[in-house]
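K.L.:
Taken in order, these protein sequences are the chains called A and B. Per numbering that gives the first Met the number 0, the very first residue in the first sequence carries number 0; after that it's consecutive. Per numbering that gives the first Met the number 0, the very first residue in the second sequence carries number 0; after that it's consecutive.
A few of these clues could be false.
[Stated by the list, open to error] Pulled a few chain B residues facing chain A out of the computed Cβ check, cut under 10 Å: (1) Val3; (2) Ser51; (3) Leu54; (4) Lys74; (5) Gln82; (6) Leu88; (7) Phe90; (8) Gly102; (9) Tyr104; (10) Arg105; (11) Arg149.
[As the list claims (entries may be wrong)] Facing chain B, according to a computed beta carbon distance under 8 Å, are these residues of chain A, among others: (12) Ala176; (13) Ala183; (14) Gln185; (15) Met187; (16) Gly188; (17) Val189; (18) Asn190; (19) Ala258.
Bear in mind the hints are in silico, worked out from the structure with no lab data behind them. We put the beta carbon where it would ideally sit given N, CA and C, even for glycine.
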Amino acid sequence: MKRLLPLLLIIILGVLTALPWIAGPTLVQFAINALMLATLAQGWNIIGGFAGYASFGNSIFFGLGSYGVAIAMVQWNLPFGVGLVIGVVFSVLFALAMGVPVLRLRGHYFAIATLALSQVMSAIFSNLDIAGRNIGLVLPLLRSDTLFYELSLGLLVIATLTVFWLSRSRFGFGLIAIRENEDAAQSMGVNTTRYKVLAFTLAGIFSSLAGGIHAYWITFIDPNSAFDLSLNVKMIIMAVFGGPGSVLGPVIGAALLSAISELLSSTLSSVASLFFGVVIVIAVILMPKGLTDCWLRFPVTGWRYFIHNIRQHRL
Amino acid sequence: MSNVLLQLNNWYAGYGDVDVLNNLHFTVKEGEIVALVGSNGAGKTTLLRSLSRTLKGRGDITFAGRSLYDETPEKVFESGLVQVPEGRLLFDQMSVHENLLMGAYRRQGKAAIDASLERVYGLFPKLYERRQQRSGSMSGGEQQMCAMGRALMANPKLLLVDEMSLGLAPVIVDQLLEILSTIRNEGITVLLVEQDIYAALEIADRGYVMVTGAITQSGSADELRNDPHIREAYLGL
């Protein structure tokens, strides 16, 4: 199994790369969305899964990336690539400036502070002339789902490889130590502030790139859609569902939940979100450590795996 | 034996405008076990935070011949001043082995780290038996061993052991004290910060008694143990 996994991944990647030429436009459009969510979940995984800081501010980076591309292309007539770079620069600056004070907070306080920040950013961009105020910006149209698909896939692969590197690096080990016990990590010589800010920045870079690609694809952004909190909730759910702190968990979580959500909304549109919610509640109760953990442990412990988890919740 | 390893001179430290430590003088020599004893609120933790440089303070602080005043906590750790923190602060979800590896976090070179691992497992055979166990699921004494082992993995010159005996049975405390003696015989200096004055003075060479931010008495362990004032105030004899 261990030896087969890389081979299996390469085959899956090959099929995914060829997808625009073998599948219809509806499926490709669904896939672009799913790939974007997977990248966001993977970005959240770095700060939320590895360092254990439940960030509600990752949608800020998504928004900054979107506006970076939109402002560059619409207001300054710059190419798309330059827009992506501008978005990343915004995000890195934001992560460094805000990360230092906000990452001093722990647990719920950190979550609430980042939550508030995303509202603040939305309010700021609603008042910027260059960002089109409340109305937003309309980007030039590029009709090439294939291009956006391959870009999104490439970004997800890079994000996942980064997390793979993280999971085997000294830096990643330091982040896990922070998640497990921050005081202990500090007393063992981990520079906790620097590590947390770096993780926040790294998460921000991927979210920002995903936002930039998404903005050009959708061709329209406004403050509400760019700094959308529900997007942040989605990335958390997908990462946690798949397995926070694992390499492939967030990707699998995003793929599965996107598919379930899509199927539900096409078959029973009005109650789809209810079902989606139920799926998540059940998943959290039955496998709180995510799909990856369940996948690894279920063959060993069998059904006791779920019983044990239910007991842990004291239900 | 007589080289000064750690020295605090004219040291003031506190929180906000209030100084908890007032004009403190404090020395630890190489190869010693020094006990720092005092009851709750005496300023022991403030002193330790000054040493690990997580609290700024004012005055002179030198360790192994270098001033630590402007160093970051990471650099202090790297220079060999390593804490076994109060409450142990283990990585509960990690195995014993992973906890020990975390101690070597800032070290390079697999061979040297493996040698340290072997040494720690030699000192604490129990940890070797339980190396794959989740550290949070062990008993208090075993957790304390794990915390000590983890600190040793950092290759310390000076081991700061904070409230080691807290919540442990006297038998276990005796075992741990014995291990500290062994560690000292291997050339590591030990600073033992304790409320349990009796346990601390049992193995220490010298001791300092702290009361409300100042050192009120110091001397050899024997002197302190036989001091009538201390016997009365702390030992209840």
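K.L.:
Determine for every hint whether it applies to the structure shown.
P.N.:
Quick rundown of the hints versus the structure:
For the restraint placing Val3/B at the interface with chain A, the shortest Cβ-Cβ distance is roughly 24 Å, beyond the 10 Å limit, so the hint is violated. For Ser51/B, the interface hint holds, the least distance from its beta-carbon to any beta-carbon of chain A being 7 Å, beneath 10 Å. The criterion of a C-beta within 10 Å of any C-beta in chain A is not met by Leu54/B, whose closest approach is roughly 13 Å, and the hint is violated. Taking 10 Å as the C-beta cut-off, the interface hint given for Lys74/B holds, the closest approach to chain A being about 9 Å.
A distance limit of 10 Å between C-beta atoms decides the matter here; for Gln82/B the minimum to chain A is near 5 Å, and the interface restraint holds. Interface hint at Leu88/B: satisfied, since its Cβ lies 4 Å from the closest Cβ of chain A, which is below the 10 Å cut-off. Checking Phe90/B against chain A: minimum C-beta separation of about 4 Å stays under 10 Å; hint holds. For Gly102/B, the shortest C-beta to C-beta distance to chain A is roughly 6 Å, which falls under 10 Å, so the interface hint holds.
The criterion of a C-beta within 10 Å of any C-beta in chain A is met by Tyr104/B, whose closest approach is roughly 5 Å, and the hint holds. Given the 10 Å rule on beta carbons, the hint for Arg105/B holds: about 4 Å separates it from the nearest Cβ of chain A. For Arg149/B, the interface hint holds, the least distance from its beta-carbon to any beta-carbon of chain A being 7 Å, beneath 10 Å. With its C-beta approaching chain B no nearer than about 6 Å, Ala176/A sits inside the 8 Å limit, and its interface hint holds.
For the restraint placing Ala183/A at the interface with chain B, the shortest Cβ-Cβ distance is roughly 4 Å, inside the 8 Å limit, so the hint holds. Satisfaction of the interface hint for Gln185/A is found here, the shortest Cβ-Cβ separation to chain B being roughly 6 Å, below the 8 Å cut-off. At its closest, the beta carbon of Met187/A sits 5 Å from a beta carbon of chain B; the interface hint therefore holds under the 8 Å criterion. The closest approach between the C-beta of Gly188/A and any C-beta of chain B is roughly 4 Å, which is under the 8 Å cut-off, so the hint is satisfied.
For Val189/A, the suggested interface contact is upheld, since its CB lies about 6 Å from the closest CB of chain B, less than 8 Å. Proximity of Asn190/A to chain B holds as hinted, the smallest CB-CB distance being about 5 Å (cut-off 8 Å). Among the interface hints, the one on Ala258/A is violated; its C-beta lies about 31 Å from the nearest C-beta in chain B, farther than the 8 Å criterion.
Hint check: violations occur at hints 1, 3 and 19; the rest are consistent with the structure.
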